[in-house]
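**Student:** Protein chains in written order, with the working numbering: chain G, 1 to 278; chain F, 1 to 283.
I should point out that these hints are in silico values taken from the structure, not numbers from a laboratory.
All of these numbers come straight from a predicted model, not from anything done at the bench.
Some hints here could point you the wrong way.
Claimed, not checked - Just the calculated beta-carbon pair ranges, DEER-fashion:
#, chain 1, residue 1, chain 2, residue 2, range
1, G, ALA110, F, GLU5, 29 to 35 Å
2, F, GLU131, G, ALA45, 32 to 38 Å
3, F, TYR39, G, LEU47, 47 to 53 Å
4, G, LEU3, F, PRO81, 28 to 34 Å
5, G, LYS159, F, ILE128, 43 to 49 Å
6, G, ILE127, F, PRO136, 16 to 22 Å
7, G, GLU246, F, PRO136, 49 to 55 Å
8, G, MET274, F, TYR124, 54 to 60 Å
9, F, PRO81, G, GLY96, 37 to 43 Å
10, F, VAL272, G, THR175, 18 to 24 Å
11, F, GLY42, G, ALA110, 28 to 34 Å
12, F, GLU5, G, GLU95, 18 to 24 Å
13, G, TYR92, F, ALA245, 31 to 37 Å
Yeah, the Cβ is synthetic: ideal placement off N, Cα and C, and Gly gets one too.
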Amino acid sequence: MRLDPRTTDRLFSIFFRVHALIVVCVLLAILFLIAIKGLPQLSPAFLLQSPKDMGREGGIFPFIVGTFLLVFLSLLLAIPLGVGTAVFLTEYRREGRLTAFIRFGVESLAGIPSILYGLFGFIFFVIRLKMGLSLMAGVLTIMIMVLPTIIRTSEEAIKAVPRQLRLVSHSLGATKWETIVGVVLPKASPGILTGIMLSVGRAVGETAALIFTMGCSLRLPTSLADSGRTLAVHFYILAREGISMEKAYGTAFVLVFAILLVNLLAYYLMHKAMERLS
Amino acid sequence: MKREEIHIEWTFRLFAFSSLLFLFLILFFILFEGSPLLYKVGLRSVLLEQRWAPTKGSFGILPMVVSSFLVTFGALCLGAPLGLFCAIFLSEYASRSVRMVLKPTLELLAAIPSVVYGFMGVVYLVPIVREYLGGPGFSLLTTSLVLGIMILPTITSISFDAMQSVPGPFREGSYAMGATRWQTIWRITLPSARSGIVAGFILGMGRAIGETMAVIMVAGNALSIPKGLLEPLRTLTGNIALELAYATGEHRSALFTTGVILLLIIMIFNSVANFVVKKRIVR
């Protein structure tokens with residue numbers, strides 16, 4: 001049987017719409033289930049208390065702090081490195097063998113799965129450099145992991161800054177460095193910020209690379225040499241060891257909605273950057 | 001150039017080379033820890049032996065290699081068509097406003113941490129599979145489903161970009177000849193975007209084979225090659241994550257050997273994806 005082309009067209013139109021709808025429903029279902037089971041767990045005590053009995057009772061305060069510390073410190077290191085690399089690739093070098101080589105390195109880093117970052121961080125930072133399972137080892141591992149994202153997004157953002165702006169700045173007597181700091185980076189900042197927010201999201205949700213570098217101590221890390229947990233690691237341990245489903249849902253709620261917020265912010269910034277350019 | 005400017009340029013150069021340094025360190029240390037054992041036991045016995053008892057001198061990771069490929073293939077079976085259909089809808093059917101909402105939604109799906117997918121798999125999928133299909137629930141099928149959903153955003157966004165880069169006049173020409181929208185997609189857009197779509201599939205596979213935490217939670221982590229869809233299995237990534245915490249000596253080296261094999265597989269995937277994309281540019 002051969003269908004009339006118009007009927008076929010209509011059938012396929014419905015077919016694709018249904019599939020898109022299915023995917024959206026899956027996402028909404030995940031968010032909905034976490035919200036409905038996690039929201040009742042939320043209370044000031046849950047957010048501000050230390051855990052008791054391995055996390056069966058009490059709250060998640062040390063893990064919120066641990067997540068903050070990890071994200072803040074790793075980005076503190078990754079941002080200058082990443083943005084600096086992007087500036088070097090776009091402002092100081094023409095496309096050539098050197099940029100291709102560096103870009104190849106960045107792409108390769110981006111392709112390495114997080115468990116291998118964990119394996120590397122464990123043998124290099126924790127054992128060889130004798131840092132032990134510590135905040136420091138976690139921070140350095142995550143720094144390397146988010147570097148490709150920051151480099152790529154910053155590069156795109158810097159490339160999108162119109163050439164004339166640089167020429168004007170040079171013609172007014174500004175040096176290359178003054179042009180970069182005074183003109184190029186401010187103009188590219190929404191795009192760079194988008195990359196940073198995406199990296200924050202990735203660091204907050206990371207588990208595999210952290211278990212073997214930062215460890216999973218229940219205590220609040222007070223120095224770089226202390227072990228500690230992030231929310232994602234805590235959630236993983238609660239769920240995997242079946243410690244407490246209620247607390248797991250509560251932690252998942254905080255984790256997922258923090259990431260949601262960060263991503264919405266990233267999207268908003270990207271939108272603003274695009275508006276500014278067009 | 002002023003002295004200062006030269007210093008600044010050198011700082012940036014140093015920053016740029018740091019990525020290469022990190023890459024080198026990662027490759028070096030994983031190979032350094034993993035290859036002596038590989039050399040001692042031989043690649044052949046590591047890849048072909050079925051028994052994994054690293055404390056008793058058996059380092060066969062064949063079941064894990066096979067399992068990793070099985071779940072990756074399973075994930076692709078679900079994620080590839082669903083992701084591609086989604087991309088076709090986004091690129092060819094959706095209005096501007098629908099796209100503005102749907103695209104960030106999909107990106108959100110990519111941002112949800114893998115542990116959350118694993119958790120949802122354990123709490124909802126595993127009992128359903130156990131109840132209605134039998135087996136322990138922790139299985140090849142469950143893992144493939146979870147991974148399939150996880151790689152969806154990767155496949156969708158890369159396929160979408162590939163279809164968007166097909167020049168508008170191609171489609172307009174097709175419409176002008178009286179073709180319907182579906183005929184245009186099937187005969188013009190998809191063939192033109194083919195290499196980008198294939199690259200998306202391969203990168204999705206790379207993501208699936210490298211995924212760890214979600215897999216550990218739903219795979220059951222048994223040490224044999226699964227004989228059916230409902231049997232539990234253990235992947236290369238899972239093997240590392242499950243045992244690294246307490247492994248010492250040769251056992252630990254064996255886990256790094258697992259890492260070396262994983263790294264090789266990922267590198268092959270990435271170079272194939274690169275090759276596919278490059279070929280298009282040359283053409």
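**Student:** Compare the structure with each hint and give your call.
**Tutor:** A quick look at each hint next to the structure:
Between ALA110(G) and GLU5(F) the beta carbon distance is about 31 Å. The supplied range of 29 to 35 Å therefore holds. Range check, GLU131(F) to ALA45(G): Cβ separation about 36 Å, and the 32 to 38 Å hint holds. Distance hint for TYR39(F) and LEU47(G): a CB-CB separation of about 52 Å, consistent with the stated range 47 to 53 Å. Distance hint check for LEU3(G) and PRO81(F): the Cβ-Cβ separation is about 21 Å, which falls outside the suggested range of 28 to 34 Å.
Separated by about 48 Å at the C-beta atoms, LYS159(G) and ILE128(F) satisfy the suggested range of 43 to 49 Å. Look at ILE127(G) against PRO136(F): about 36 Å separates their beta carbons, and that is not inside 16 to 22 Å. The beta-carbon spacing between GLU246(G) and PRO136(F), approximately 25 Å, falls outside the hinted interval of 49 to 55 Å. Distance hint check: the CB atoms of MET274(G) and TYR124(F) are about 37 Å apart, inconsistent with the given range 54 to 60 Å.
Checking the proposed 37 to 43 Å range against PRO81(F) and GLY96(G) shows it holds: the Cβ atoms sit about 41 Å from each other. Taking the beta carbon of each, VAL272(F) and THR175(G) are about 45 Å apart, not inside 18 to 24 Å as hinted. About 32 Å separates the C-beta atoms of GLY42(F) and ALA110(G), a value consistent with the hinted range of 28 to 34 Å. Separated by about 22 Å at the C-beta atoms, GLU5(F) and GLU95(G) satisfy the suggested range of 18 to 24 Å.
Checked against the hint of 31 to 37 Å, the C-beta distance between TYR92(G) and ALA245(F) comes to roughly 44 Å, which is inconsistent with it.
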